[in-house]
Amino acid sequence: MEKMSVETIKPSSATPQSLRTLHLSTVDYRMQSVYTYACLFYTNDPSIPREETTQKLKTSLSETLTSFYPFAGRINGLAVDCNDEGAIFIEATLGNSTLSAFLNSPAPDSNEIQQTLLPLHHVPKTSEASITWPLLLVKASYFQCGGMSLGICMSHKLADAASLSAFIRAWAATARGENGTVGKPEFAGINVYPPPPLHDAFKVAEIHKPKITGVTKRFVFSGSKIDELKAKVAQPRPTRVQCVTALLWRCVCAAGASETTTSTKVLFQPANLRTKIPSLLSENLIGNLIHTSMTSSRKGEEIDIQETVKELRERGEELTSLVQENDGSTTTALGSKLLVKMFNDYSKLSNEPGDSMYAVTSWCRMPFYEANFGKGCPVWVVGNVAPRLELVTMLLDSNDFKGIEAWVTLSEEDMLSFEQNPELLAFASPNPAVIF
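The sequence shown: position 130 = 129 (numbering that gives the first Met the number 0), numbered continuously.
Derived from the structure by calculation, the hints contain no laboratory data. Warning: the hint list may mix true and false statements.
Once the Cα atoms are required to be at most 20 Å apart in a straight line, the calculated DMTMM-like pairs of lysine to aspartate or glutamate come out as [unchecked claim]:
| no. | residue 1 | residue 2 |
| --- | --- | --- |
| 1 | Lys229 | Asp399 |
| 2 | Lys275 | Glu316 |
| 3 | Lys124 | Glu6 |
| 4 | Lys124 | Glu111 |
FRET-style restraints, in silico, Cβ to Cβ [unchecked claim]:
| no. | residue 1 | residue 2 | range |
| --- | --- | --- | --- |
| 5 | Gln54 | Val339 | 43 to 53 Å |
| 6 | Gly94 | Pro194 | 43 to 53 Å |
| 7 | Glu6 | Arg236 | 44 to 54 Å |
| 8 | Pro123 | Arg236 | 24 to 34 Å |
| 9 | Gln54 | Glu301 | 56 to 66 Å |
| 10 | Pro194 | Ser104 | 39 to 49 Å |
| 11 | His120 | Ala100 | 17 to 27 Å |
| 12 | Pro15 | Lys401 | 42 to 52 Å |
| 13 | Ala100 | Lys401 | 19 to 29 Å |
Predicted model, so just to flag it, every value in this text is computed and none were measured. Backbone N, C-alpha and C define an ideal beta-carbon position, used for all residues, glycine too.
Working from the sequences, and respecting the hints, build out all of it.
Here it is, written out as structure tokens:
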């Protein structure tokens with residue numbers, strides 16, 4: 000970085016007194032103390048001066064915060080005080096780096112992206128900030144060539160990946176002068192999941208809380224390799240996410256096979272409820288509207304890719320059946336039953352030393368690549384959580400929409416084994432250049 004400016008952006012219109020308090024749901028409250036982030040990369044448009052781009056971003060952000068007002072507030076206990084305190088906007092100039100050089104040789108570890116292109120250096124105690132203030136931070140970093148990266152961080156206490164996507168979609172539309180083309184956000188998470196106080200059973204989740212350690216590396220599955228993987232799975236119409244998840248799960252378990260303790264490894268998969276229950280939940284619903292499913296493996300059991308894909312499909316069908324059985328129920332009644340199911344899954348965990356939960360979250364099909372702020376659409380998108388969480392993998396679309404990019408976080412010891420697994424390398428390329 001050569002220079003940087005920091006500004007607090009407040010909503011362009013004051014939040015009404017009637018909207019000043021937003022209660023967190025049980026799921027919101029139990030979320031990790033991290034930010035959900037996306038980093039979008041844009042090529043230079045020489046017809047648009049940098050100053051014009053920056054001013055448009057700040058002005059449209061202020062306007063967007065009028066409808067996304069909780070993100071300009073502060074978490075206070077079990078609720079958000081929507082006090083218009085504001086979001087952080089940082090403008091930065093990168094030294095001699097060009098966008099093409101950066102994409103031709105991407106950072107080997109996501110830590111470099113987090114330290115350089117995200118605005119989290121402004122909040123040294125990142126975990127604490129994510130559960131107090133600021134709840135939204137943005138950083139526009141300009142490369143020497145005029146290209147730009149836009150790093151957007153939202154507190155996971157208020158936002159899952161779908162919420163982040165909805166915010167970016169609305170902000171981009173406002174920047175283009177088309178804010179009437181997207182729906183208004185709805186902050187009604189407690190209409191699905193009840194608010195705290197928490198059920199005692201969720202203490203189980205504390206024991207399996209992921210560590211904020213490890214190393215994160217990128218592995219890219221091309222469309223053609225995913226087709227090969229689907230053929231190997233030999234299941235009726237397996238999805239690309241199911242196939243990639245199953246292979247990663249097999250390789251992660253193999254990487255940790257040297258552990259001396261008798262352990263259970265659990266594959267933990269959050270699902271976006273909005274797409275599962277479109278008749279009840281709007282795509283504009285903001286919050287942590289997710290449901291998790293689990294698949295487990297005891298130490299010594301070899302993970303079979305075909306069986307894992309079958310199990311993943313069965314877990315999805317269980318959720319569909321639960322929703323269909325409660326057709327006509329209120330969202331609150333359905334949410335309570337989903338919460339009970341998640342508790343029942345958690346209660347099956349043994350809590351033995353060495354037990355671990357491996358989470359795979361898919362951001363595929365979310366429209367991050369459609370985020371046009373007036374400079375065209377991004378040529379590359381990176382997404383994850385910060386601080387990073389060990390045993391968490393994020394799946395994102397590659398920029399040709401055919402492949403999948405997997406950002407895998409493991410302990411350094413397990414990563415050394417994982418990244419050399421020949422079965423993984425038969426289908427995935429470790430950190431290749433970004434072609435655009």
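Failing hints, ascending?
8
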